[in-house]
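Enquirer: One-letter residues, chain by chain:
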Amino acid sequence: MTLSTKIALKKNCVYISEFFIFTFLKHDHMSESVITLKNVRKAYQGNPVLEIPFLEVPVGIHWLKGQNGAGKTTCMKVIAGLIPFSGEILLREDISNKYNPVALRKAINYAEAEPLFPAYLTGNDLLALYMNTKGGDKDWINEVATQLGIHAYINFPVSSYSSGMLKKLSLLLAFTGTPQLILLDEPLITIDTAAVETLYGLIREKSEQGVSFIITSHQPIDESVIRLSGVLNVADKTITRN
Amino acid sequence: MRSTTSILDKIFVKRFYLENVGFFLILFYLFFGTVNGANLISYHHALIRGFISSTGFLLIVLGIWTAYAIKCMWFVMKTLHSPGYDFLFSTMGSIPHGERKWHWVRIQTEIYLPVLIYSAVSIFIAVAEHRYIPAAIIAVVNILHCVWPLWLYERKIWKPDTIFFTGYIQQWINKHFIKPPVLFFIYELLTNFPMRIISTKLASTGVLWLTFLLLSRDQAFDLRGLQLGVICCALLHMQLMIHHRAFDDTYLSFMENLPIPLWKIYARLTGIYVLLFLPEILMIIVNAAHATSAVGIATVLITGISLMMVFRCLLYFPKMNTEIHIRYTLSISFVTLFMILAHYEWLAILLLQLAAATLFFSRYRKYEAYIDPDL
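Protein chains in written order, with full-length UniProt numbering: chain X, 1 to 242; chain V, 1 to 375.
None of these hints come from the bench; they were simulated from the model. Fair warning: this is a prediction, and the values are worked out from it, not measured in the lab. Glycine residues also receive a C-beta, built at the ideal position from the N, C-alpha and C atoms. Keep in mind that a hint or two might mislead.
[Stated by the list, open to error] With a Cα cut of at most 20 Å, we get these calculated DMTMM-like pairs of lysine to aspartate or glutamate: (1) X/K98 / V/E345; (2) V/K71 / V/E110; (3) X/K98 / X/E114; (4) X/K65 / X/E208; (5) V/K14 / V/E110; (6) V/K264 / V/D248; (7) V/K78 / V/E19; (8) V/K175 / X/E143; (9) X/K98 / X/E51; (10) X/K206 / X/E143; (11) X/K98 / V/E368; (12) V/K366 / V/D249; (13) V/K159 / V/D86; (14) V/K366 / X/E51; (15) X/K65 / X/D139; (16) V/K264 / V/D249; (17) V/K175 / X/D139; (18) V/K366 / X/E143.
[Claimed, not checked] What the simulated footprint calls covered on chain X by chain V, stretch by stretch (three residues with Cβ under 8 Å from a Cβ of chain V suffice, anywhere in the stretch; the number is not a length): (19) 107-116; (20) 126-136.
Could you build all of it, start to finish, from the sequences and the hints given here?
Expert: What follows is the structure, encoded as structure tokens:
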């Protein structure tokens, strides 16, 4: 093989690879994104924990993976509007945290890994608060509460709940309103197997209606039950898509 | 091996006296420190003779003793409900019925002892002066105060989830009433920190009572005097504001995900402080209605609430600790006071409102609890 042939082949390879990259990027760009993070930076007491120049997460169910302390919960709290940060978050390339903070909160729901509520509030108080602000189908939520077994203790103060009961309530609250994105932080811990099945069913049901999910879990997500659209890796203070 | 009695004494009795050292020191000072040593016995003799000879006075004294008995009972119930004391349910529950009741009565009697000693002296004097009915009333009431909490302690042992005797009322409220967010902090204070809100309210209403007393001695009612009293009341609420911020940081972070516009959150904050200030508002209206105009009263009330709003909004600077907060609140209070003295009270109110709103709307979404790296 002559040198000129080698150069020509190399050029062709570059063209082919560029073609594939272009096609992939084009396809990626065209796939509808549910959430876009632009120059998102988050620091605690001056120490940066998240630095995401640009991230586009397409519609679907995503598994947010990372080691302990990598910044998964911080990332979720940033997207949910729980903690201040610099940068911009766009929902469906339209609703910005800077210009539509209320609309963004209406469209994004979040269930914490270890939910904490004032001890004297009842499940009913919290559900009413979420329904009054986020809205949604009351009958459907009551049905889900029954499926999860929450209705039996909904009038008791949360101080009397076990960690599993509290977790179920937190998950129920994350399904209130008409969200476009639901963030579930370690949803599988502390709940019983029946509740896990119900939760998978809810994710499937909502996903079919176009709702996206970002889920963190150290337990493997059963892909035979819910189809993952992708994996997001949190490492080195940033998030990458697989 | 130590006896059950000594272990229970350590858990309840010793802890009660240790935790209430400050309370007893103040009480001791009021009863024995403020009176000349030479007149101490005659002073207390006269005091006891006063309440055993007057039904009204006796009722007040019995009311104070009842309040102390409730404080004792509250302490035991709180201990049983505290984390780390769960073992008491299994251990106390294993003690035979009669013996357990004896332990409860003994614990209650030992922490109620200061009142028992004083009432025993009162009974002795009453009998010596042939006032048998007051003596009998004092004896019966104090014996009852040693016995009635036993019923609650027993109930708590068999129903550990019962927080207080208001359990049924609480259950009814939980079932029929949805708590609005404006009441969350007040609920927190009333359920978990009742002494904090009661002491603040007692101090604040005490300042107002003194203000009205001093104002009543003057010929003309000077509204500025009342406004000075209200400034002091607002300053007395600083401890509650620091607590309010900590409560929001710890328990209400979930509400940041709710789609609530900033103006509604600001309105809720205003509502919280209006409700907190409600006892003072009522006291001012009742006492000042005959002495000044409705506008005058409104000026005083709005000044108080505006000050509290500014003081609270200052805490949206994460590094604003108690020490720095006191400096700012005192400075703001002095400026407000001078403006009031110069009859610029409405300008002061306008500036306070502007300051509170500016601080809130510029800081709220940027606020994040500060964790001292040195801690």
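Enquirer: If a hint holds in the structure, say so; if it doesn't, say that too.
Expert: Hints versus structure:
no.	hint	result
1	X/K98 / V/E345	violated, 37 Å
2	V/K71 / V/E110	holds, 13 Å
3	X/K98 / X/E114	violated, 28 Å
4	X/K65 / X/E208	violated, 23 Å
5	V/K14 / V/E110	holds, 10 Å
6	V/K264 / V/D248	holds, 16 Å
7	V/K78 / V/E19	holds, 13 Å
8	V/K175 / X/E143	holds, 19 Å
9	X/K98 / X/E51	holds, 18 Å
10	X/K206 / X/E143	holds, 15 Å
11	X/K98 / V/E368	holds, 17 Å
12	V/K366 / V/D249	holds, 13 Å
13	V/K159 / V/D86	holds, 12 Å
14	V/K366 / X/E51	holds, 18 Å
15	X/K65 / X/D139	violated, 34 Å
16	V/K264 / V/D249	holds, 19 Å
17	V/K175 / X/D139	holds, 19 Å
18	V/K366 / X/E143	violated, 38 Å
19	107-116	holds (count 6)
20	126-136	holds (count 5)
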